[in-house]
Amino acid sequence: MSEEGVFVKRDPVVIIVVVMVITLMLVFGIRKSRHSSPIPQATTTGMKVAPDFALQSLDGKTVHLSDFRGKAILLNFWATWCEPCKVEMPWIVDLQKKYAPEGLQVLGVAMDDAGPQEIAKFAQQMGVNYPVVIGKDEVADSYGGLPFLPTTFYIGRDGKIVDKVLGIKGRGEIEDDIKKALAQGQNVQAQKTGL
Amino acid sequence: MNKSKTVLVLIALLSAQAVAQESFGRKSPSVTMSPVPIESVTRGKSGTVALRFRVASGFHINSNTPKEEYLIPTDLKLDPPTDIIVGKVTYPPGIDASLSFAPDEKLSVYTGPFDLSVTVRPLASVLPGKYSFRGELKYQACDNAACYPPKKLPVEFEVKVVKGAAAPKKNPAQSPNVHR
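Protein chains in written order, with this note's numbering: chain A, 1 to 195; chain B, 1001 to 1180.
Simulated from the structure, these hints should not be mistaken for laboratory data.
Hints are not guaranteed to be accurate.
[Unchecked claim] Lysine-lysine pairs mimicking DSSO-like chemistry, simulated, CA-CA at most 27 Å apart:
hint, chain 1, residue 1, chain 2, residue 2
1, A, Lys136, B, Lys1106
2, B, Lys1106, A, Lys169
3, A, Lys121, B, Lys1138
4, A, Lys169, B, Lys1151
5, A, Lys121, B, Lys1088
6, B, Lys1151, A, Lys121
7, A, Lys98, A, Lys160
8, A, Lys180, A, Lys160
9, B, Lys1152, B, Lys1045
10, A, Lys136, B, Lys1138
11, B, Lys1151, A, Lys136
12, A, Lys136, A, Lys121
13, A, Lys169, A, Lys121
14, B, Lys1045, B, Lys1163
15, B, Lys1067, A, Lys169
16, A, Lys136, A, Lys61
17, A, Lys61, A, Lys97
18, A, Lys121, B, Lys1106
19, A, Lys48, A, Lys169
20, A, Lys160, A, Lys97
21, B, Lys1160, B, Lys1045
22, A, Lys48, A, Lys160
23, B, Lys1027, B, Lys1106
24, B, Lys1152, B, Lys1027
25, A, Lys121, A, Lys61
26, B, Lys1152, B, Lys1163
27, B, Lys1151, B, Lys1106
28, B, Lys1151, B, Lys1163
29, B, Lys1027, A, Lys169
30, B, Lys1160, B, Lys1088
31, A, Lys136, B, Lys1130
Here chain A stands alone, though its shape is the one from the complex (with noise of 0.2 Å):
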């Protein structure tokens, strides 16, 4: 054996940065294993189709991501309770009005404790021009989870999620994701329409 080897197997220096590093890359799997995503948080590349989900709407009604198959959807996970979201809020509505007729549907998921008719006045009072649902637990899980509001989603006509927001972003950000998800899956609306 050289004298350098026998000189890095015994010297503490060596063995402490040894420790260090094996502890350091533990500590990064470990987080690593219990923060993975389904959903990753930039999902412009290796896009991933959106779970389905069967949520209460604001009436009682069952309503599934699926029904909006065909439509570019901004799912946008919010609460009373998060001044960001109300800020966007009237944002939100206005781009649904323009970009409806183009095939937009913002679907709202209400993540309060609130009850239904307290979420429904808020969203009255936003003058909410689009269905909102009481969001879950289960439903945020699988969506890679929800650590704050708002999130949102901008889902393709295909189904496949084009990008994930975390918080707030300007409205002219918001509306870019927009264009891009009704860009995306545009083949599949052309099938569905015979074009």
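Let chain A serve as the given structure and place chain B on it in line with the hints.
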């Protein structure tokens, strides 16, 4: 330091940096409570306990009196020991703030350190000694772009109940009944 050691140290530093970036890319909001010095309160009388909390940098929580009915106020709930009454909890006034996306909408929030004071009154029958108070501070935190679900911070502090100072004994020599 020889070449092998330099390489190993570099690997360690790069690993540490990678883990740090992964772990702390987006901080979680937190509210912490400072240790509370034990306050002495005379039984049968009211005393005040000061509680200091701190909101992590970059976050705010709603004050006790948010400007909108839908916002969740910061609220302290305490479970006092038997025969000790919790009176008024005094909250500081909120600071007016607004989100960068909505500069015209004012919020009433706490940021950084903030103090609450709690009035406690042990009944006259309470035995002197230390008593633990447990409870929770309910809060809902946001940063500039997002809000986090409401959380409850466990709160615990102790109060030392002491006997009142003995009433001064009357001096019979000064009693008008003695000197007629």
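Here is what the structure says about each hint:
1. In summary, the hint linking lysine 136/A to lysine 1106/B is not supported, as the alpha carbons are separated by about 31 Å, beyond the 27 Å threshold.
2. Straight-line distance between C-alpha atoms of lysine 1106/B and lysine 169/A comes to about 19 Å, which keeps the hinted pair within the 27 Å bound.
3. Annotation: proposed proximity of lysine 121/A to lysine 1138/B holds, straight-line Cα distance about 24 Å (limit 27 Å).
4. For a cut-off of 27 Å, the pair hint linking lysine 169/A to lysine 1151/B stands: about 25 Å separates their Cα positions.
5. Of the supplied pair hints, the one linking lysine 121/A and lysine 1088/B is violated, its CA atoms being roughly 33 Å apart against a limit of 27 Å.
6. Pair hint lysine 1151/B plus lysine 121/A holds up; C-alpha atoms about 25 Å apart against a cutoff of 27 Å.
7. At roughly 22 Å between alpha-carbon atoms, lysine 98/A and lysine 160/A fall within 27 Å of each other, so this suggested pair holds.
8. For the hint pairing lysine 180/A with lysine 160/A, the CA-to-CA distance comes to about 11 Å; that is within 27 Å, so the pair holds.
9. About 30 Å separates the Cα atoms of lysine 1152/B and lysine 1045/B, which puts this hinted pair outside 27 Å; it is violated.
10. This hinted pair checks out: lysine 136/A and lysine 1138/B have alpha carbons roughly 22 Å apart, not beyond 27 Å.
11. Taking the CA atoms of lysine 1151/B and lysine 136/A, the gap is about 18 Å. The hint holds against a cut of 27 Å.
12. Of the supplied pair hints, the one linking lysine 136/A and lysine 121/A holds, its CA atoms being roughly 20 Å apart against a limit of 27 Å.
13. Under the criterion of a C-alpha separation no larger than 27 Å, the hint pairing lysine 169/A with lysine 121/A is consistent with the structure, at around 25 Å.
14. A threshold of 27 Å between alpha carbons decides the hint, and for lysine 1045/B with lysine 1163/B the separation of about 10 Å falls inside it, so the pair holds.
15. For the hint linking lysine 1067/B to lysine 169/A, the alpha-carbon distance of about 23 Å falls within 27 Å, and the restraint holds.
16. Taking the CA atoms of lysine 136/A and lysine 61/A, the gap is about 15 Å. The hint holds against a cut of 27 Å.
17. With a CA separation close to 23 Å, the supplied pair lysine 61/A and lysine 97/A stays within the 27 Å bound.
18. This hinted pair checks out: lysine 121/A and lysine 1106/B have alpha carbons roughly 21 Å apart, not beyond 27 Å.
19. Straight-line distance between C-alpha atoms of lysine 48/A and lysine 169/A comes to about 22 Å, which keeps the hinted pair within the 27 Å bound.
20. Pair hint lysine 160/A plus lysine 97/A holds up; C-alpha atoms about 23 Å apart against a cutoff of 27 Å.
21. Between lysine 1160/B and lysine 1045/B the alpha-carbon distance is near 13 Å, which keeps this suggested pair within the 27 Å criterion.
22. Taking the CA atoms of lysine 48/A and lysine 160/A, the gap is about 5 Å. The hint holds against a cut of 27 Å.
23. The suggested pairing of lysine 1027/B with lysine 1106/B holds, with an alpha-carbon distance near 24 Å, which does not exceed 27 Å.
24. A distance of roughly 18 Å separates the Cα atoms of lysine 1152/B and lysine 1027/B; the hinted pair therefore holds under the 27 Å criterion.
25. Between lysine 121/A and lysine 61/A, the direct Cα distance comes to roughly 17 Å. Compliance with the 27 Å bound is thereby established for this hinted pair.
26. The suggested pairing of lysine 1152/B with lysine 1163/B is violated, with an alpha-carbon distance near 35 Å, which exceeds 27 Å.
27. Note on lysine 1151/B and lysine 1106/B: the hinted pairing holds, with a Cα-Cα distance of about 23 Å set against a maximum of 27 Å.
28. Taking the CA atoms of lysine 1151/B and lysine 1163/B, the gap is about 38 Å. The hint is violated against a cut of 27 Å.
29. Of the supplied pair hints, the one linking lysine 1027/B and lysine 169/A holds, its CA atoms being roughly 18 Å apart against a limit of 27 Å.
30. Of the supplied pair hints, the one linking lysine 1160/B and lysine 1088/B holds, its CA atoms being roughly 19 Å apart against a limit of 27 Å.
31. Restraint check for lysine 136/A and lysine 1130/B: the C-alpha separation of about 44 Å exceeds 27 Å, so the hint is violated.
Hint check: violations occur at hints 1, 5, 9, 26, 28, 31; the rest are consistent with the structure.
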